[in-house]
Each structure stands twice: as structure tokens, then as C-alpha cells.
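Novice: One-letter residues, chain by chain:
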Amino acid sequence: MTPMLFGPASRQLFGLFHAPERDGSVALLICQPFGQEAIRAHRLFRVLADRLARGGAAVLRFDYYGTGDSPGEDIDGELEGWRRDVCSAHEELRRRAGARRIVWLGSRLGAAMAVLAAKSGRCDPSRLVLWDPIVDGARYMDTLRAGHVDALERSYCVPDPIWRRRLAKDPDAFTDELFGFGVSPTMRQQLRALAPQTLQLTALHETVMLADAEDLAAHQWAQAEAARHMPVKISPFQHPLIWTSDPHPNNAMVPTEALQRLMAEVHE
Amino acid sequence: MNDCKETPVQFGADGSLIGIVTTPGEGSMAPVACLMLNMGANHHIGPRRINVKLARQLATRGISSIRLDLSGLGDSGPASGSEHFLTQAVYDLQAAMGLIETMLGVRRFIVIGLCSGATNGLSLAVADARVVGLLMFDSYSFPGRRTRAERMVRRALAAPTNPAFIGKLGRWLQRKLSPSAAAAAAPHIFDPDPPEVTAAAFRRSMSQVAARNLAVLLLYTGTLHVTDRNRDQLGPFANEPFMRQFEYEFIGDIDHSLTSMAAQQTFMTVVCDWVLRVTHGGPSASPQLATATERPAARAGVPRPTQAFARDALP
Numbered sequence: 008m009t010p011m012l013f014g015p016a017s018r019q020l021f022g023l024f025h026a027p028e029r030d031g032s033v034a035l036l037i038c039q040p041f042g043q044e045a046i047r048a049h050r051l052f053r054v055l056a057d058r059l060a061r062g063g064a065a066v067l068r069f070d071y072y073g074t075g076d077s078p079g080e081d082i083d084g085e086l087e088g089w090r091r092d093v094c095s096a097h098e099e100l101r102r103r104a105g106a107r108r109i110v111w112l113g114s115r116l117g118a119a120m121a122v123l124a125a126k127s128g129r130c131d132p133s134r135l136v137l138w139d140p141i142v143d144g145a146r147y148m149d150t151l152r153a154g155h156v157d158a159l160e161r162s163y164c165v166p167d168p169i170w171r172r173r174l175a176k177d178p179d180a181f182t183d184e185l186f187g188f189g190v191s192p193t194m195r196q197q198l199r200a201l202a203p204q205t206l207q208l209t210a211l212h213e214t215v216m217l218a219d220a221e222d223l224a225a226h227q228w229a230q231a232e233a234a235r236h237m238p239v240k241i242s243p244f245q246h247p248l249i250w251t252s253d254p255h256p257n258n259a260m261v262p263t264e265a266l267q268r269l270m271a272e273v274h275e
Numbered sequence: 033m034n035d036c037k038e039t040p041v042q043f044g045a046d047g048s049l050i051g052i053v054t055t056p057g058e059g060s061m062a063p064v065a066c067l068m069l070n071m072g073a074n075h076h077i078g079p080r081r082i083n084v085k086l087a088r089q090l091a092t093r094g095i096s097s098i099r100l101d102l103s104g105l106g107d108s109g110p111a112s113g114s115e116h117f118l119t120q121a122v123y124d125l126q127a128a129m130g131l132i133e134t135m136l137g138v139r140r141f142i143v144i145g146l147c148s149g150a151t152n153g154l155s156l157a158v159a160d161a162r163v164v165g166l167l168m169f170d171s172y173s174f175p176g177r178r179t180r181a182e183r184m185v186r187r188a189l190a191a192p193t194n195p196a197f198i199g200k201l202g203r204w205l206q207r208k209l210s211p212s213a214a215a216a217a218a219p220h221i222f223d224p225d226p227p228e229v230t231a232a233a234f235r236r237s238m239s240q241v242a243a244r245n246l247a248v249l250l251l252y253t254g255t256l257h258v259t260d261r262n263r264d265q266l267g268p269f270a271n272e273p274f275m276r277q278f279e280y281e282f283i284g285d286i287d288h289s290l291t292s293m294a295a296q297q298t299f300m301t302v303v304c305d306w307v308l309r310v311t312h313g314g315p316s317a318s319p320q321l322a323t324a325t326e327r328p329a330a331r332a333g334v335p336r337p338t339q340a341f342a343r344d345a346l347p
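Going down the list, the sequences are from chains H and S.
Going letter by letter, the first sequence gives residues 8 to 275 in this note's numbering.
Going letter by letter, the second sequence gives residues 33 to 347 in this note's numbering.
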């Protein structure tokens, strides 16, 4: 595994390249979730990358600008820039992996980034694996701000009742610091505008969507894309990972079912 | 980012350790660097990316740092040997110090230890004289009977008017009634020894670092209590002579996970000020901590109770 900074000097990104340990034809680009969800999923993607590299795949994990180890402050993060970051990471992986078929794995908001980046036509993924995709940004932000208050209440010895009152009264409350990650007004606006109709697949690559059958928004979006004759496979998938929890022992760090399913999808 | 430079590094005996070195972008570099390591199972960026934010803020004030994953955590590979994890953590941190010495010529270090990271930091401080400072954030805690009783009373008084306690009570009951829920909480993973063994190890280690005049700041948060009267989290150790030379600070407005941006800002202000004092050999803070009122209230929208912020530092 090689840690590195890549991309243009004005917008460098931190990445970790897992070189393939044997011959193979696949390369994987992992498009991470946002904020606390990225922290939660970090170990899973690390293990997934290791396993795939051992099996002959080249893998690149990276942090969007303003996230993780990449340059930029929290509030520098915004969806348009992150879409370009996906393409920048794709180019880096292409440079390192040569002629391999490049698959993108996007989870949560990372899945939306993958769809938007693929649609831009600037890069050529052969397959998109979308795991628990966020297709309704407004609802996602509401879930995150409610989760933020829940996290505050769990963390303080005596929580402040004002938090919950603010959450109920003010629809903008806590949207500027979701789970302790700063969110700019631009990013909030972009999240609110993120809707199923803004996420359009293309026919240039296959897509598989993995989501719990109860995630109606994701399933309805994928069905609508299938109705538009996009090559999308819809696959119900349940796992025990709680996306916004802290990496604590009461929730599996690397759920076996998720690891195995994702490995299988990458190699399909 | 122009104020600092960041370099991803791969180091250690077999190159399996991963970290990021942050150095000041311009101006002079202090002769002391900070080590930031894992908090529990969080990878090296820390909870809420706090290690990244702190590293960059320190760099703007001339302090270099490395944030790293210990063996088997985050992005680092597993250890090749079979050492106890505390021993291995010391080796890993010594490898990080060796790297910084080679890269930057810095030979003195301050460990920023969050939660379980403080345990590893203390092991390193005992083993290696290059460590000149240790921050212990919500780490060892030995609250006495009065402290625990007061905590319970305050929570009980708050409960009837605070809907958050319904959830807290539910989770508490679940842990009490369900063996599987109790096992899932698994507190022993981070504190595997019986309390008396932990206390004895704490006394031994703190005595040793006190004898070396190591600068130590024990920092505790509103996750543990709402108030602090007399170094309450140290319980029986509070008045031990060897403990009196260490700084102690309780900030009720911030929490263990630094969940709010305001909590992060308060934490970074406290840590940066302390690191600079240790680096430049400044005086310890006064017991009254005159700067307390200058900091933003970390619990947004709530006036900070005066008792929620108390520092006790004796020369």
C-alpha cells in the first residue's frame, strides 16, 4: 500500500494505492461516504482493498478535498468539487493500473458522487457498484442533523434539552456541523438540491445498486433508471453496519456479509 | 494549507506504518514535535477529523507533528512480531519519533493521547526520555463515591424534564437486562485489566514520569461529569504528591467525541496553548485560569455554568 498526494497542485488529494499482488484485470476506485460515515466505513474499505489487492485487483482509496487527510478545511468540501475529485482519482488509478477495467464502488453520498462523475463523461468506469446510495439529499441532511443531536445526547453526561428543541423548531439547526464536520452554505444548498431526478445513469457502463429493501427511495430511483432503459441491476442487501455510529465494538467494524458481497460485486 | 506542509509517510521496520507529517509552511520550526495516535479504533485522522485540524493549527504556530496509525489499526499493517499491544504501540511510536528525527532533526516530543491513546502515550513516556510532554484526554479515571453519587443525583434531577434521558435510561436498562447487550458494550476491550491492576499501573507510571518532570495535562470532559471540585476524576490519586505537579483541567462544555465544532475549537485552543507552553518552557496556567471566559461556549445556545470549567495546575 502506498500513501500519496495526487492531482493538480491547486487541489491535491490524499490517496492510498493498493498495488495488485498478482495478475488480474480489475481496478477499483472507492468513493467514500461523507463525514462520520467515512470514518465508520474506513476499516471496512481498508480490509476490502487489502483482500482485493491480494486477489489481483489494483485499488485506490482517496479522501475528497476538505475531508480526511486531503488538504482543505471541512467547509471547503462541496459536491461539484467532489465530483471532479472522483474523476481526478480515476485518472490517477488509470495511470497506475494501466489497461485494467476500472470499477467504481460508491457508498452513501459517495454513490451519488460516482453517478454524477460518471455522467460528466470525463472518465470511463466500466461498472458502478452503488451501496446504500443517497438519492435524496434533503432527507439525508435531516437524518444527519437528527443523528448529530442523538450523538450529542449520548455523549454528554447531562445533555442539554435545548438541542432537541432547536432540532424540532428550526429546519436549519445543526446543518452547518453534521456530526462535527463543518458544512458550508454551498454544500447545504447542493445537498438540498440532490434529488433522484438529478442522478441519472448513463448507458456507457453497468450499474448495480445494493440497498436494503426498506430503502424505498433508493429502490424507486433505481427502478426509474431501469425504466429509462439504463443497464442497472437492483439487488436488495442487508448488513449490520450502522453508518453513523462511532467505531466501537458494539457494531461490527468489518461486517463479513458486506465484505464478501462487495468483493463478489467487484469481480462480477 | 499554505501555512503548513503535509507529507504522507510509510515507515517502521517493515514499512507497514502509515502516517502524515505536518510541518510549518514558513517561519521557524519549534524544536519539539507532537505525536498523534489512534483514539480507540478511529484511524489516524481522529474523531471528527480532529487530529488533522489540530495538526494544521499547531503548524501555523511553528509546531510539527505526525499523526499515525499504530500496527493493526487504520491504514497501518499488522505487526510482524507477537508483542503485547502496549509494547508494540511503544515500538511504533518510537519508530515515528525516529522518522521525525531523521526528517526534521527534532528530538523532543509531546504525545497527544485521546482516550486509549493516552494509555499508549503513557507507556511511551515511561519508556522513552525523548517524550517531554503528555496530554491525557478523558483517559484514566478513578471517581470516588462522592463524585459518582453527585453525578447520579444530577442526572436524576435532570431526567424528568430532559427527553434525552428516556433514550439513556432505555440503553442502560438494556445493558442491565440483556447479557448480549452488556457484552456488546464490551468496555473491557479498552480496559482489559481489573480496576486495582489499572490503578497500580497508573500510580507506578505517573510516579515515574513525575520523577522525570514530564509536563502532563490531564483533560476531562462533560461526558464524565458536569462539574469538578477537586480533581475529582483522579479520586484517590488527586492529592498524591507525585500528581500535584501535573496540570488538570475539566471542561464540562466539551465531550469525549468532540461532537460539536465549538467543542473542537475549545479543545484545540486548550491543546495548542498547552503545547506552546511546554515547547517554550512557559509557566503553568494559574488555578483560576483567567482565559476561561474568553473561550466560546462549546454547547451552543447554552450559557456555560461557571463550575463546568475548572483547571487546577500547581507549580
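Honestly, the hints are just simulated from the structure, not real lab data.
From a predicted model like this one, the values you see are computed outputs, not experimental measurements.
Glycine included, C-beta positions come from ideal geometry on N, C-alpha and C.
Take the hints with a grain of salt, since some may be wrong.
Listed next, the stretches of chain H that the computed footprint assigns to chain S, with coverage defined by at least 3 CB atoms under 8 Å from CB atoms of chain S [unchecked claim]: (1) 65–78; (2) 105–112; (3) 158–169; (4) 200–210; (5) 240–253.
Okay, derived cross-link-like pairs now, SDA-like style, lysine to any residue, Cα gap no bigger than 25 Å in a straight line [said to hold, decoys possible]: (6) S:200 <-> H:250; (7) S:208 <-> H:203; (8) S:200 <-> H:161.
Label pairs and their in silico Cβ distance ranges [to be verified]: (9) S:58 <-> H:191: 45 to 53 Å; (10) H:146 <-> S:116: 25 to 33 Å; (11) H:242 <-> S:178: 54 to 62 Å; (12) S:208 <-> H:128: 42 to 50 Å; (13) S:184 <-> H:18: 18 to 26 Å.
Novice: A separate judgement is required for each hint: does it hold in the structure or not?
Specialist: Right, here's what the structure says about each hint:
no.	hint	verdict
1	65–78	holds (count 4)
2	105–112	violated (count 0)
3	158–169	holds (count 12)
4	200–210	violated (count 0)
5	240–253	violated (count 1)
6	S:200 <-> H:250	holds, 20 Å
7	S:208 <-> H:203	violated, 44 Å
8	S:200 <-> H:161	holds, 7 Å
9	S:58 <-> H:191: 45 to 53 Å	violated, 27 Å
10	H:146 <-> S:116: 25 to 33 Å	violated, 47 Å
11	H:242 <-> S:178: 54 to 62 Å	holds, 57 Å
12	S:208 <-> H:128: 42 to 50 Å	violated, 58 Å
13	S:184 <-> H:18: 18 to 26 Å	violated, 52 Å
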